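Asker: Spelled out, the chains give:
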Amino acid sequence: MWDKIKEFSSEFFVTGDPLILGAQVSIGLTLVAVVLVLTYFKKWRWLWSEWLTSVDHKRIGIMYIICSILMLFRGGVDALLMRTQLAAPELEFLTAEHYNQIFTTHGVIMILFMAMPLMFGLFNIVVPLQIGARDVAFPFLNSLSFWMFFFGAMLFNLSFVIGGSPDAGWLAYPPLSELSGSPGVGQDFYIWGIQISGMGSLATGINFIVTILKMRAPGMKLMKMPMFTWSVLSSSLTIILAFPILTVTLFLLFLDRYAGAHFFTLDGGGNPMMYINLIWMWGHPEVYIVVLPAFGIFSEIVSTFSKKRLFGYSSMVYALMSISIVSFFTWAHHFFTMGSGANVNAFFAVSTMIIAIPTGVKVFNWLFTMFRGKLSFPTPMMWTIAFIPCFVIGGMTGVMLSVAPADFQYHNSYFLIAHFHQTLIGGVVFGFFAGLYYWWPKMFGFKLHEGLGKWAFWFWNIGFYVCFMPQYALGFMGMTRRFNEYNFDMGWQPLNVVSTVGAFLMGIAFLFQVWQIAHSIRFYKKEPTGDTWNGRSLEWSIPSPAPMYNFARTPIVTSRDDWWEKKERRRKGEPELPHVAKAEQAPLEPIHMPRNSGVPFVMSFFWFIAGFGFVWDWTWMVIPGLIGVIVCMLVRSFTYNTDYYVPVDEIERTEAAARGAH
Amino acid sequence: MANHNQAHDGHGESHGSLKSYIIGFVLSIVLTIIPLVVVMNEMFDKKTNTVIILIAAVLQFAVQLLFFMHLREEKKPRYNLTSLILGLIILLVIVGGSIWIMTYNAVAV
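So the sequence lines, in the order shown, correspond to chains A and G. Position 368 (the first sequence) corresponds to 368 in full-length UniProt numbering; numbering is contiguous. Position 65 (the second sequence) corresponds to 65 in full-length UniProt numbering; numbering is contiguous.
Here chain A stands alone, though its shape is the one from the complex (with noise of 0.2 Å):
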């Protein structure tokens, strides 16, 4: 029996590695501290249901934003561990087997549990705030999507401590993710992890497409949206089209290790290769999936710390439009070596050279924004600043890369690793960061410390640069990726090491941002109106943080800026129009908002179940699951309850309490 015991738990659990037992037990030691606290402080039933089951966007976009920091400390220390294994030749600090691991998950959490989850927080904090709704348009939905995301993403890194990351690269190509290249589970954690985020990712995109369409305040045509909720839009249009590409992919995928298809096999009449070409239909939409947001989020900044309306707001309307439409259409250049032939190289290689052309348009319609403004530099605006010239020179890398033939040097060198980390980090990383920035004070309701802030962003720029400009070189010199040790002969030593360096001053300038986010609770200092940066969009003009209902009368917009062009009014003088007069002295009436719900978070804790299950081939936990999984969908459906009327004297309350504090 105890033999038995024992070798059950030597399979299931990671052992033998120090690093990893380290944190085992570190993790161990978390999560007792962290129920002990919670009960010692009797914090059980505020935790539920004041966070866990809230349908509130605001709160779900919290939650997102702490899940996305804590999954870039992870990111961060798989890449500081790949950078010191790669710091000199031959080192002996992570065995072949552990840094295949190392690479695999730091692409897959960076990209899905990190960057998709924070953009998911903005999403949802900012969206229904700047286009005047009082929430999303399917609260129940979103609280579902988040809950997925998170058992997804626990279940992708529980694959860190028991049964073994996945070690196939963050995209998983056949053959070697197929069972006969990867027999152990860590790939089936890889797929159901993707899988069960996957599906609140798809729901969100849906949501936030009719969020967008159908809740506008009144007055706000289309061509009247903040350039972020544009953004949003764009962003979700594309999550809607290549999200199911993703799911049936990695369910062929499955199919092939379950049940023993033949999709992607090297035998039995299956193709790798098809794979590669349909992962990346979802993989190349999805990287503008990540920046098309941050494109938003620096046209808000840009405009609101220049004192200006943004600079040619049409043609960056159909910009990100058209970004989100093509594409689709350029996901071959990511195998040009495969032999495709001349044709579908030449047409992808144009396809790629032509989505160039609007996010040129964007960056010229930035600079004139800042031409001639009345420019400030808090830290919003200092990373909007360092995004400019980091993204030109990402994108024409880019441009180098998407010449066919050429391609054939780059690809799979370390050229390409800088090239996609500097469109990565410069674009998508920095624009977070200064959403996050700019933002912050209507979450919490207090602004980040600038100092420490400072600290941090002269940190992370001088560490990327110095770590990803030697990487360029590196890739000319011969260095492909994934490689875990090289030869002294090489002669990739002390490049390798500056980039080295880079990564480590990167990852002080993390240690930055959390003491700023402590140092700026511990003095909390309550923000005197929920105007911080004299802002421009409906945002702006409730208090911060925003009360439950968002807006105690529904909006009536008339221009862009709306806020802006209310307080240029009052300025002055002038009179509001007679429509909008009549409703902001209308009297308040009872506003109608949906009721908190524990199912999404059972529901998604039941996926997390049966996707245990699968990965383990443990039928006796996927019925169960899937059964709870079913149970809770019937049990909504049975659910008539699901909304209440905020009546009138607590809304005055609370905004008493709100403008009374100021």
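Derived from the structure by calculation, the hints contain no laboratory data. Honestly, I wouldn't trust all of these hints.
DEER-style ranges, computed between Cβ atoms [said to hold, decoys possible]:
| hint | chain 1 | residue 1 | chain 2 | residue 2 | range |
| --- | --- | --- | --- | --- | --- |
| 1 | G | Phe25 | A | Arg653 | 47 to 53 Å |
| 2 | G | Gly96 | A | Thr15 | 45 to 51 Å |
| 3 | G | Val95 | A | Ser637 | 32 to 38 Å |
| 4 | A | Thr642 | G | Thr50 | 45 to 51 Å |
| 5 | G | Thr50 | A | Leu634 | 52 to 58 Å |
Cross-link-like lysine to aspartate or glutamate pairs, in silico, DMTMM-like; alpha carbons within 25 Å at most [as the list claims (entries may be wrong)]:
| hint | chain 1 | residue 1 | chain 2 | residue 2 |
| --- | --- | --- | --- | --- |
| 6 | A | Lys221 | G | Glu74 |
| 7 | A | Lys214 | G | Glu73 |
| 8 | A | Lys525 | A | Glu450 |
| 9 | A | Lys307 | A | Asp17 |
| 10 | A | Lys214 | G | Glu74 |
| 11 | G | Lys76 | G | Glu42 |
| 12 | A | Lys221 | A | Glu584 |
| 13 | A | Lys224 | A | Asp531 |
| 14 | A | Lys308 | A | Glu576 |
Nothing here was measured: the structure is a model prediction, and the numbers come from that model. Glycine included, every Cβ here is placed at the ideal spot set by N, Cα and C.
Assemble the complex: chain A is given as a structure, and chain G must be docked to it using the hints.
Answerer: Relative to the frame of chain A, chain G by itself:
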């Protein structure tokens, strides 16, 4: 959730007449029978059969959308039509693109 009911009422579409349902039903049956007859009786060679089946499938798709999914009766703005067209374009890109790319990548047997 708050706008759930409103959104639904907002459509306000008529849900088709008996006549249009019957026409749609007959058309879809006919479009099912044609390929069946052609294949069962081996009337043409394999290539022609495939083409006939594909044409019938596309027409069937149109019939379903027009007669049962109420695509004609949608009020402006025509979100359903727009998203359908977009979806079709992407679908064509996926299928056509894959066929094009993979023709050159057939695994040698």
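Asker: Now, for every hint given, state plainly whether the structure supports it.
Answerer: Outcome of the hint check:
In this structure the hint that Phe25(G) and Arg653(A) lie 47 to 53 Å apart at CB is violated, the actual value being about 59 Å. The hint said 45 to 51 Å for the Cβ distance between Gly96(G) and Thr15(A), and at roughly 50 Å that hint holds. Checked against the hint of 32 to 38 Å, the C-beta distance between Val95(G) and Ser637(A) comes to roughly 35 Å, which is consistent with it. Restraint check, Thr642(A) to Thr50(G): a C-beta distance of roughly 50 Å satisfies the suggested window 45 to 51 Å.
Under the hint 52 to 58 Å, the C-beta atoms of Thr50(G) and Leu634(A), about 43 Å apart, miss the expected range. The hinted pair formed by Lys221(A) and Glu74(G) meets the criterion: a straight-line CA distance of about 21 Å does not exceed 25 Å. With a CA separation close to 19 Å, the supplied pair Lys214(A) and Glu73(G) stays within the 25 Å bound. About 13 Å separates the Cα atoms of Lys525(A) and Glu450(A), which keeps this hinted pair within 25 Å; it holds.
For the given pair, Lys307(A) sits about 55 Å from Asp17(A) by alpha-carbon distance, which is inconsistent with the 25 Å threshold. Using a Cα cut-off of 25 Å, the hinted pair Lys214(A) and Glu74(G) holds, with the two alpha carbons roughly 16 Å apart. A hinted pair counts as satisfied when its Cα atoms are at most 25 Å apart, and Lys76(G) with Glu42(G) does not qualify at roughly 46 Å. Between Lys221(A) and Glu584(A), the direct Cα distance comes to roughly 20 Å. Compliance with the 25 Å bound is thereby established for this hinted pair.
A threshold of 25 Å between alpha carbons decides the hint, and for Lys224(A) with Asp531(A) the separation of about 20 Å falls inside it, so the pair holds. A distance of roughly 21 Å separates the Cα atoms of Lys308(A) and Glu576(A); the hinted pair therefore holds under the 25 Å criterion.
Of the numbered hints given earlier, the model fails hints 1, 5, 9, 11; all others are met.
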